[in-house]
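Chemist: So the sequence shown is residues -22 to -1, 1 to 970, counted in mature numbering (1 follows the signal peptide of the UniProt record, and there is no 0).
Hint data in this document are derived by calculation from the structure and do not stem from the laboratory.
Here a beta-carbon is modelled for each residue, glycine too, at the ideal position from N, C-alpha and C.
No false leads were slipped in.
Label pairs and their in silico Cβ distance ranges: (1) GLY389 <-> GLY446: 14 to 24 Å; (2) GLY431 <-> ALA622: 37 to 47 Å; (3) GLY901 <-> ALA622: 32 to 42 Å; (4) ARG742 <-> MET819: 24 to 34 Å.
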Amino acid sequence: MRVSLLLSTVATSALVATGAGAQTFTVSTAETTPFNPASLAFPSGTINVTSTGSIITEFGGNHAIQPYVAGGTNGRWDVNVDGLVRSSVAGGSTIYAIWLRNGGDISVGTTGVVESTDTAIMVDAAGTSNVVNDGRIAAPSVAVSLQGGGSVLNNGYILGGVVSASTGVAGSIVNSASGTIETTGSFGLHLNAGGVLDNAGTVNVTNSVTGLWSHASTTFTNSGTFRSLGGAYAGQVSAALFQTGNIVASNTGTIYGRDLGLFGHQNGTFSLTNSGSITAETLDAVIVRFATGDVDITQTGGQILAGRNGIAVREGQASTVDISGGLIEAGRANAAGAGILFNANAGPAVLRIANATVSAPTTAIQALGTQIDATLFAGSVINGAISFDAFDDKLTIHAGAAVNGAIDGGGGVDELTLTGSGAGLLGSVANFESLRVTGGRWTLNGTYAFSGGVEVVSGSIAANGSLGAPVTVSAGATLGGSGTVGTTTIASGGTLAPGNSIGTLTVNGDLTFEAGSHFAVEVDPAGSASDEVVVSGTATINGGTVAHIGYVGNYRPFATYRILTAGTGLSGAFDAVTTDFAFLTPDLVYDYGAFTVDLTLARNDVRFIDKATTRNQIATAGGAESLGAGQAVYDAVAGLPDDAALIGAAFDSLSGEVHASARTVLVEDSRMVRQAANERLRAALAGAGTPALPVMAYAGGGPVTTAPMGADLALWGQGFGSWGHSDGDGNAAKLTRSLGGFLLGADAALAGNLRLGVLGGYSRSAFDVTGRSSSGSADNYHLGLYGGGAWALGAGELGLRAGLAYSWHDIDTRRQVSVGSLGDRPQADYGAGTLQAFGEMGYRFALGPAALEPFAGLAYVGVDTDAFAEAGDFGTAGAALTGAGRATQTGFATLGLRAAGEVDLSTARLTLTGTLGWRHAFGDVAALATNVFAGGVPFTVAGPAIARDAALLEAGFALHLSDSARLSIAYEGQIADTAQDHGFSARLSARF
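Construct the complete structure from the given sequences, taking the supplied hints into account.
Modeler: The following block contains the structure:
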């Protein structure tokens, strides 16, 4: 049966509903009488307080809603509040806004409010309840108390404590991202039987001993803000207090406790994962005092900030702390606090730190009464000391970890391991009995006493301080440095490499080289200093190899270096001595009376040219070797390691190839002058691409022709620019070049369809040989004569064009030389001249609206460069070259076809032109330069060759501005397999 009544109706009458089953009561008006149907025979039901309804009781002893029948059969009641339910009483009496004696579900909607001066919602132990709050629940002490267990889901606002006080049923409190829980009384959040606390919103607890108090196994998840402020509470205040049980905590948000953060107090297991922020203002941020069970703490990011200890594991069977990111900062209020503390653990403690920082004013990591196995991975930063107690402890440090404090192993037999794959630095260490190095490149600058010895299994150590212990170096490992070590054995495959670059390592005891061992030695090319090992006792050499390691510099072809000195005896010999130099041979000299071993380096019989691979390298190698010992270039090459690429690059750097490449540039750029002259003659003599063509617009009864521009005196000017490259050929490197300039000319008509003219101008060439660290430029000054004629022949016209030009060049070159330790920057400034003669014959004829001109041309280009002398940083003592003058004579034959046609634009005429041709080079197509080092013999090197065959492409237009003026713009290109050039020109001409 369903009954819907106003509260005033049931409060003023003895209403008895007939039939069985749950009943529904709806309150939609304001009521001041409590809902307490003690006289009703309704054992269970639902109470709805609508958004317009309210139940407000303000007289003593009355709960606003109490659906309970004394002595009757009571069931569950559900309460839905969208209005207001309030119960208040003076004098601090016990009073509830909603009291469910036998459980039920309570829902507070977004407009709902449940308030009390004592406890807002109470569910007795006889039943469980699920409370969902989207509105407001408020009480000064406890907002929600579930004595029989259950769940609370808060999406709204709760003022007051939330208690799940059952001793047998786990409860849950979920505060969503939109939820806020605040308390000002003595209660925070209480899970008496454990359960779940999941906070994604905001929890602020004031005046309570703890924000969360759990008495059994609990899962605590925080992704929001959870703060226990303490307020007026005088004792220790924690953010969360876990009394006992299996605790699983996860934090990605913010947790704050005035004194303590997370506190595991008595017995059980404790697991924490943190990537958020945990702060304890005065004491420990994470403290676990479980006498039984294991502790597992993981931090992947975020931070732990503490007034005293960051993480304190004070008891427990076995503890694992794994920090793989973030920050732990301790001692913010008490300088005695440790970043991570293990104290009186019953089981072993394991600590792993990677990519994280642990900081404390004095001690960052401390183990008291606990055996510990700690590992610091790369990225770890430990600001503070590391201190262990009287157990057999282990500490492993990876390269890339930093310990900014002393390391003390305390009592027991302690082992320190250095490992990793990068560079590492070991600071102050005391009370560790043994050292193992299993990887990384380690520098030891302090004083160390490893009574159990040092074993270098792999990786390397540079002992720059005092390593007062026996040292064994295993296969694949290296011992170096310039400090002191104890009695040392270099096992088969192990390496002794004294010094850090060049230095002396002292062995305070005996030294033994086993068969198959290595002794790596660096020497000073310019002096007598070398790596050396000084042994206070006896040096025993049972074989092995001395390896002379290449040290950049100019080696003397004959030198002796002391590499071993013993104090009381020398026996045995090395099996071999090697070097990584191409032109030096090492040898060993033993003095068994003086207990010394010397290394000698002598020039071997390997010629420089034996290590060269290209023609230029071979030529340069011969020139360098002709200098002999004592000259900078010779000594620099003699000291090169046996590396084919490095030696080849050295000879290329020395070669002066840029001077040969400059010839290629001058020959290629010469075309711009003859192209300009030929183009001017074609225009003036009405050849293809000029007036006197059929116009592509017709009027009247036939085609209209234009008159040639060739009459009288004509003046013209042309600007041009081009860029291109010649590929490297495996010998010479790639050459890139650019050109820009202008020409001015004048010509006049002579008798019999002849014209004669003169031209002059300036251009600048720039070029780079990046592969040889070289570049240059040339200022070019041009002067020339040109002439030609055109004669009717058959259906067309025969044209002959020719010219003679000379160019003066001022060349500037710059090189960067790098050979071993020799670096130089030679520069040169010298002159050159280019003479060219050229001729062209073409036959022009009309074809429809266009004109065609097959043509053939010949050109001679002679380039003559002056001798030069480079000036370098060291004058003639460096890599500067002297170059001989040289003449290059190159011929070009050209065949092609030109086409042109005119378009009448009504206000002007436009001539469109195009050319397709083939250019063949002959004669001196190889660009050569003969150079010499001061005091040496000359050698000849080549630059990129001039392409023998190339395709010619031209396209342009001419705009007839008037009958006597014309503007022409054209593209000219040359494309070959190994070279390309592209250019543009613009010409303005006028006749008078």
